[in-house]
Amino acid sequence: MKFTRRDVIRTTAGAAAGALGSRFVGSSAFAQEGLTYKPEEGAKLRLLRWSPFVQGDEDQWLKNTKRFTEATGVEVRVDKESWEDIRPKAAVAANVGSGPDLMLVWFDDPHQYPDKLLDVTELGDYLGKKYGGWHDGPKQYATREGKFLGLPLATIGNAIVYRESWVKEAGFSEFPKDTAGFLELCKALKAKGHPAGFTHGHGVGDGNNYAHWLLWSHGGQMVDEKGKVTINSPETLKAIEYAQELYKTFIPGTESWLDVNNNRAFLAGEVSVIANGISVYNTAKVNKDKDPKLTEIAKDMRTTNLPIGPVGKSVELFQVTTAVIFNYTPYPNAAKAYLQFMFEDPQMSDWITSSAGYCCQTLKAFDNNPVWKADPNNAAYAKASATLRPNGYAGPLGYASAATMADYVLVDMFAKAVTGQATPQEAMEEAEKRANRYYRV
Amino acid sequence: MAVPSVAVQPRSSILARLAESRNALGFGFMLPAAALLLVFLTYPLGLGVWLGFTDARIGRPGIFIGIENYQYLWSDGVFWLSVFNTLLYTISASILKFILGLWLALILNEKLPFKSFFRAIVLLPWVVPTVLSAIAFWWIYDSQFSILSWALQQMGLIDHRINFLGDPTNARASVIAANVWRGIPFVAITLLAGLQTIPQSLYEAATLDGASRWQLFRHVTLPLLTPIIAITMTFSVLFTFTDFQLIYVLTRGGPVNATHLMATLSFQRGIAGGQLGEGAAIAVAMIPFLLAAILFSYFGLQRRRWQQGGGD
Chain P
1 MKFTRRDVIR TTAGAAAGAL GSRFVGSSAF AQEGLTYKPE EGAKLRLLRW
51 SPFVQGDEDQ WLKNTKRFTE ATGVEVRVDK ESWEDIRPKA AVAANVGSGP
101 DLMLVWFDDP HQYPDKLLDV TELGDYLGKK YGGWHDGPKQ YATREGKFLG
151 LPLATIGNAI VYRESWVKEA GFSEFPKDTA GFLELCKALK AKGHPAGFTH
201 GHGVGDGNNY AHWLLWSHGG QMVDEKGKVT INSPETLKAI EYAQELYKTF
251 IPGTESWLDV NNNRAFLAGE VSVIANGISV YNTAKVNKDK DPKLTEIAKD
301 MRTTNLPIGP VGKSVELFQV TTAVIFNYTP YPNAAKAYLQ FMFEDPQMSD
351 WITSSAGYCC QTLKAFDNNP VWKADPNNAA YAKASATLRP NGYAGPLGYA
401 SAATMADYVL VDMFAKAVTG QATPQEAMEE AEKRANRYYR V
Chain E
442 MAVPSVAVQP RSSILARLAE SRNALGFGFM LPAAALLLVF LTYPLGLGVW
492 LGFTDARIGR PGIFIGIENY QYLWSDGVFW LSVFNTLLYT ISASILKFIL
542 GLWLALILNE KLPFKSFFRA IVLLPWVVPT VLSAIAFWWI YDSQFSILSW
592 ALQQMGLIDH RINFLGDPTN ARASVIAANV WRGIPFVAIT LLAGLQTIPQ
642 SLYEAATLDG ASRWQLFRHV TLPLLTPIIA ITMTFSVLFT FTDFQLIYVL
692 TRGGPVNATH LMATLSFQRG IAGGQLGEGA AIAVAMIPFL LAAILFSYFG
742 LQRRRWQQGG GD
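Chains P and E supply the protein sequences, listed in that same order.
Under my numbering, think of the first position of the first sequence as 1, with each following residue one higher.
Under my numbering, think of the first position of the second sequence as 442, with each following residue one higher.
Derived by calculation from the structure, the hints in this document are not laboratory data.
Heads up, a few of these hints could be off.
Below, a list of computed lysine to any residue pairs in the SDA-like style, where the Cα atoms sit at most 25 Å apart [said to hold, decoys possible]:
(1) Lys89/P <-> Gln585/E
(2) Lys89/P <-> Phe685/E
(3) Lys80/P <-> Asn611/E
(4) Lys89/P <-> Gly489/E
(5) Lys299/P <-> Gln585/E
(6) Lys288/P <-> Gly489/E
(7) Lys313/P <-> Thr387/P
(8) Lys288/P <-> Trp580/E
(9) Lys228/P <-> Asp517/E
(10) Lys89/P <-> Asn611/E
(11) Lys89/P <-> Leu529/E
(12) Lys248/P <-> Pro609/E
(13) Lys248/P <-> Asn611/E
Treat the numbers as computed from the prediction; the structure is a model and nothing was measured.
Produce the entire structure from the sequences given, and follow the hints as far as they go.
This is the structure in structure tokens:
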């Protein structure tokens, strides 16, 4: 396929960058370095994104897109799919070389088909410079060998969501900050008839978030820096033993939970503590059906970061979404211009604000977005991009890390041990064997 | 002696000659079907088999690696678990669908009031898109909100909710039950069609000979229904063996891969995990089982000759 040669026009006056403005960036030095992509004649774009979990996100995204069309005349069709279906769709598009021009993909996706993606290093560097730099975690998902395969769009924070009154009723004036205290709280909650519930089933987001937190908070890791599988370790054993104790305090059935089950159980008052994105709080707060019971639950809901384990610091996976352009697009300039427009201020800050805490900024200049102080419950999600640890830590991102996660190796390891289908040692050895298949050791 | 005049035939064009040739015409008529089969059946199948011998990943064509994918699978516990699950799922669900479907067909073949209405309504589970019925079952089997658990608790029969999809045994039984519910109409309606082709005179003759209800079924209905049973059950087995949507919606193969079928594992590894080669190898590993099902049908159908007085 023949591509139109990229037509990059650098302006010396910085007029274009100045016109886009910046509420958060005080330095005019960045604004001087303008970068403008001139869309191809008759360009039309198609973007496939994930279905929103917070309606404000989609509404603002579409508003920003409309602004782009008005400014450039380039029509952008925005399609959406359930977030779990994005990965297979992106995989097929990359493989057959046909489909949407742009996609908002997940986790290690860009590392699975780097050759199929348009290099956006120039744009990535430009935005990084202009907006105070990229947060390192999301940047790792979007870059390979120093090149931007896409632009890190957002981190979907994951935090403890709990019922304050029930935690107090269990004898805790505040939510425990460490794993030992957390276990005590869960025991007390169970005794009071308000168990906790964390996903041990094949939930792509919640299952993986929980399993990685268990492992990392105890110092375990799937592989070392060189990609050697190191899951079979005393730290992992500690993590599994901790998970077994915690599981005893859960509501029955969490090993069958997929991504939506914890939200459902929490909003029905069945469980007192879950780990989730802010979307569950937003659902209760918006309360479409004006259910008085849900109004009460929303008032009682609190969020906080997951407890810190023996490693002594907060270590979590989180979902990261990256905006990529497939290199089969006939309109590479238009696609870059679109992404540039969406990432520039005020579009990006409007989008973060409208996402109501669901989408955490990847560019540091947006760290002080007012949304993080708009509601006390948003605060736990404010630093998701700054604290996340990429999948397959401490090894490189790529096919093996993606495949290991897709095969639920870690999720199954914990599930097998907590449900008594295997001893912790057996579960660990099986995980090691399965991971070795992907890391080809 | 007058020499008869011979009319000079105009030399026919190649097209006209082809139009008159039975072979050429036959070939021409077969061409669209052959092209469709080649493009939509042979090529994907061939590509799948080829991919199984490569280390293709998403976005990378891959190179020929011989049987390495199969060697990996041979030593992979999750793969063998999926084979076990698939066989258990297919055999259990097919037997249940056959027994219940035949039973339903026999009932619907009787003189019932509102017979047409019942025959139509029986098809509903088959007509509803699988994903929708799977979502309904997802709620029915929910560990917190199951209506079955709730009803049994209200009746005082159980004191705690049933962990339908969390316990491996329960999960397997639950997905089999959902598949049976969905598959019965196909078996029932097809067998009903077969039942209606059996001449009434045979039943009358057997009744005059003093045959009991069971003997009527055993010696008239069943032998004459065998060909249709063979073809119906072959299709049923094929549909069940390759089931995907039900598992994907209900469990994603969980808990701890207890309900992973070969089809769902193939998707999980080939698409979500990006290992097209291994995913294809799992899919190809399904072929021997599917061939066995087709051969079962072939030999089942041979019985027809025997029934009509010929030898097996």
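Do the hints match the structure? See the list:
With a C-alpha separation of about 32 Å, the suggested pair Lys89/P and Gln585/E falls outside the 25 Å cut-off, and the hint is violated. The straight-line distance between the Cα atoms of Lys89/P and Phe685/E is roughly 17 Å, inside the 25 Å bound, and the hint therefore holds. Pair hint Lys80/P plus Asn611/E does not hold up; C-alpha atoms about 35 Å apart against a cutoff of 25 Å. A C-alpha spacing of about 19 Å is found between Lys89/P and Gly489/E, which places the hinted pair at or below 25 Å, so the restraint holds.
Taking the CA atoms of Lys299/P and Gln585/E, the gap is near 23 Å; set against the 25 Å cutoff, the hint holds. For the given pair, Lys288/P sits about 47 Å from Gly489/E by alpha-carbon distance, which is inconsistent with the 25 Å threshold. For the hint linking Lys313/P to Thr387/P, the alpha-carbon distance of about 9 Å falls within 25 Å, and the restraint holds. Simply put, Lys288/P and Trp580/E have alpha-carbon atoms about 21 Å apart, close enough for the 25 Å limit, and the pair holds.
Annotation: proposed proximity of Lys228/P to Asp517/E holds, straight-line Cα distance about 19 Å (limit 25 Å). Of the pairs offered as hints, the one joining Lys89/P and Asn611/E is violated, with about 32 Å between alpha carbons and a cut-off of 25 Å exceeded. Proximity of Lys89/P to Leu529/E is assessed by CA-CA distance (about 31 Å); at most 25 Å being required, the pair is judged violated. Between Lys248/P and Pro609/E the CA atoms are separated by roughly 18 Å; this keeps the pair inside 25 Å, and the hint holds.
Using a Cα cut-off of 25 Å, the hinted pair Lys248/P and Asn611/E holds, with the two alpha carbons roughly 20 Å apart.
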